[in-house]
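Protein chains in written order, with UniProt numbering: chain A, 1 to 484; chain B, 1 to 484.
The hints are simulated quantities; they were obtained by calculation from the structure and are not laboratory data. Note that the coordinates shown come from a computational prediction; the quantities given were computed from them, not determined experimentally. A virtual CB, placed ideally from N, CA and C, is assigned to each residue, including glycine. Among the hints, erroneous ones may be present.
[Claimed, not checked] Pairwise CB distance ranges, derived in the manner of DEER restraints: (1) A/Gly314 with B/Glu223: 52 to 62 Å; (2) A/Pro295 with B/Asp400: 45 to 55 Å; (3) A/Gly228 with B/Asp113: 25 to 35 Å; (4) B/Gly115 with A/Pro483: 44 to 54 Å; (5) A/Ala393 with B/Gly305: 47 to 57 Å.
[Unchecked claim] Chain A is faced by these chain B residues, among others (derived, beta-carbon under 7 Å): (6) Thr57; (7) Pro193; (8) Ala269.
[Stated by the list, open to error] To list a few chain B residues with every Cβ distance to chain A over 10 Å, as calculated: (9) Asn94; (10) Glu129; (11) Val130; (12) Asp224; (13) Pro312; (14) Gly314; (15) Gly447.
Chain residues, written in single-letter form:
2 protein chains.
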Amino acid sequence: MTPAPAPAGTTAPATSTAPATDTAHGTAVPLRPRNDPSAARRFALSARTTKGAGPRTEDVPDWLDARAEAHHFRVEPIPFDRLDGWSFEDGTGNLVHRSGRFFTIEGLHVTRDEGPFREWRQPVIDQPEVGILGILVKEFDGVLHCLMQAKMEPGNPNLLQLSPTVQATRSNYTKVHGGAAVRYLEHFTDARPGQVVADVLQSEHGAWFLRKSNRNMIVETTEDVPLGDDFCWLTLGQLGELLRHDNVVNMDARTVLACAPIERDEDSALHSDTELRSWITAERSRHDVRVRRIPLADTDGWERGPHSIDRPDGRYFRVMAVSVQAASREVTSWTQPLVQPLGLGVTALLTRRFSGVPHVLVHARVEGGFLDTIELAPTVQCTPENYTSLTGADRPPFLDLVLGADPGQVRYEAVHSEEGGRFYHAESRYLIMDVDEEQAPADPPPGYRWVTPGQLSSLVRHGHYVNVQARSLLACLNTLAAPC
Amino acid sequence: MTPAPAPAGTTAPATSTAPATDTAHGTAVPLRPRNDPSAARRFALSARTTKGAGPRTEDVPDWLDARAEAHHFRVEPIPFDRLDGWSFEDGTGNLVHRSGRFFTIEGLHVTRDEGPFREWRQPVIDQPEVGILGILVKEFDGVLHCLMQAKMEPGNPNLLQLSPTVQATRSNYTKVHGGAAVRYLEHFTDARPGQVVADVLQSEHGAWFLRKSNRNMIVETTEDVPLGDDFCWLTLGQLGELLRHDNVVNMDARTVLACAPIERDEDSALHSDTELRSWITAERSRHDVRVRRIPLADTDGWERGPHSIDRPDGRYFRVMAVSVQAASREVTSWTQPLVQPLGLGVTALLTRRFSGVPHVLVHARVEGGFLDTIELAPTVQCTPENYTSLTGADRPPFLDLVLGADPGQVRYEAVHSEEGGRFYHAESRYLIMDVDEEQAPADPPPGYRWVTPGQLSSLVRHGHYVNVQARSLLACLNTLAAPC
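Could you build the full structure based on these sequences and the hints that come with them?
Put into structure tokens, the structure is as follows:
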């Protein structure tokens, strides 16, 4: 392995070194190019590279198992009265931590003007503080590698998955719980100009979180980086291979990988970028969605028992609690509430080529917890069991097409779980599926639109356009887990 | 005047005409270029053109006066008990309309972790429905012209100002009040692909509205457009000349003009676009701002009298009511609440050239009603009277520099008022001022950053980046009211 040359665009910021003197034509401070296409080329090269400077791809699952054995993780469901530091607040019934930090479980009242469900109340996670999900990247032998962590999260069905270099809430890294410092954090909090490749606030699950977002960052370094026992360097292409396995690459890693700039040979699309933004604006404007916080005690239809808050009809999700024993986390044991979605989800993106250019079919989806009404979601995103009583036009569009898919049409399929720090065994089948005009026309139903992967990449430079499930699937496109 | 040729990019959408047939390389549906730079060139040409196909610029103020005389507008403050259809709700004390539509005056409780004011309660306007602010544009003699309306708004100090072609809340255009149809509305609601130049949800005043946004649209037509008595065609350059007058171009017109694409010769900047977005993300993440709705009755420090809700110290604003007599509006008379800011505001953008490239100094400003914590505001945005008791570091940065400006440094100055449909005589001095390194260094204080006009134009393609006051000043740059 040879030291990589300094990548383009990582020179020191002009403002810190050059003298600022007024001249006839203004102040002589060197400028930087507004846009640098070299990052997108270098990430595309990393996606095409499946032999890297770190472990072989096929050895990563065993390495994860070994890391699990090296620690002694134990997670078990507990009744609410065994939670330490958490309690149901008098009056509101909200589930809160005594520090006032971390997160709370409150209630949400949502009304909307269309669809089979026009009004509901539900528990919701309120976590106003913004965390950092950051992947540190570095060139080895001229190819960008991502520093990935084998991280335990109590809600993961298999406990350990590959996570970003840093995955920390503000409570974590400001040490509300008095634990150890977050390793590699300074690369993200103290990044210098030219080192930041992506840095954007992205939403998380709008069905379960109230206006939650996390800071998704990719930062490049040319420094020596000491490698911790739970860390390894992998190319984007290796991460693509691992994304074809069930439950190996965690949600936080997937959403950050979705934000990687990727060069694509694609100047044309069914709709121009201006038209696409206009359609999103129209979708945001046409929905009349009213969202109000309510006390958890006022979530009619939900019942609080000793072990869980759930619905008598067994639908949607339950709020429960776990105790965690761990050696490798910043603290060694704790208890916490988790949300457990009920039933295996289906999260599918339909894909077609138009005049040779790949397109995917996105859905402008309303979720009660979104900051701004709708975000672009996969074509299908639901838990089929919640819809068994619905027929005809009330069935989610394209769901039955996906459930009855011909295996030859399925370009990508794997089971992934959602954030194991908040969700317990929240699994979904992620699919990318080739379709034709008869199955999904070029002019789709209202609320759906064909967009190119490049258009999605342009949108994820900004927050709150592409939801977390669609970002998981975009990560599969970016890493060539699902070439299209 | 000759009919203009069809502008580039206005051909019918491919999907509506071409047969969609699968081929070996995918479906043969013609594609569109993702980006079309010709619109930005044509808007730049319109900005350089000050003689148009409609009225001469110098005749527009007289034309506005004539339109005012043709109608018989009368606006007078009234006590709350003369409001028709509006009342203070039992229990909450919220000021509401009996239809449940239009808007309500509620309360807001804000806490934040820095600045001289860490916690406050205030009345706030809650208007969840999204309105349309739309300018129709058309080429005459090869130059784009904007269809502007002489529109009365009860809060305008001079009642009539130039407004967008369409300026309508959803309650207006779905006719909750049973009035006449909104003229030219169909150009915006039924715009075809290729006609939309800009279409984005932009925030309004975060100090007075709770998460309010309006749809800012620019739509191009090649059709014949019958010209109403209260309408005229003006080039961007003419609007720039009129922006140098006090209270002629209304806020709604200014925010839409800010969204016009403008070609600028500018590939470099002090900070790359990625760094700029990263800085915005960091500013959003570092602030801990908690905003909760509260009943209007719980806004401690505010007192409700027969004529107004205000503070004993006379600061900030008051809530009051007016009756309106008008012939040219969709309905001929009505009463409504308005918010009256107290004191003349100062809204100023500092500007410098670095290596010949113009930059402006923006402020990442927290306002309680913003959807997402901060937006980019002008360098100075305040009502000086609210800060007379503060000294030293608690004074708004750069305020004293602007208040003591040497006239030779002032590149632009005019008094403009904010939305006259919600605000009563809400006037501010808008300034653009040249400064040097000593007055405003290339490396400014935390929360401030030098950006180029082109970077602001890139950001206003998306919502919630640039606040309404900064958009007013960007409109002055776009129309060359203030060349820089």
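Hint check results:
no.: 1; hint: A/Gly314 with B/Glu223: 52 to 62 Å; result: 57 Å, holds
no.: 2; hint: A/Pro295 with B/Asp400: 45 to 55 Å; result: 47 Å, holds
no.: 3; hint: A/Gly228 with B/Asp113: 25 to 35 Å; result: 32 Å, holds
no.: 4; hint: B/Gly115 with A/Pro483: 44 to 54 Å; result: 50 Å, holds
no.: 5; hint: A/Ala393 with B/Gly305: 47 to 57 Å; result: 54 Å, holds
no.: 6; hint: Thr57; result: 30 Å, violated
no.: 7; hint: Pro193; result: 5 Å, holds
no.: 8; hint: Ala269; result: 5 Å, holds
no.: 9; hint: Asn94; result: 13 Å, holds
no.: 10; hint: Glu129; result: 7 Å, violated
no.: 11; hint: Val130; result: 4 Å, violated
no.: 12; hint: Asp224; result: 24 Å, holds
no.: 13; hint: Pro312; result: 31 Å, holds
no.: 14; hint: Gly314; result: 33 Å, holds
no.: 15; hint: Gly447; result: 16 Å, holds
Violated hints, listed in ascending order, are 6, 10 and 11; each of the other numbered hints is respected by the structure.
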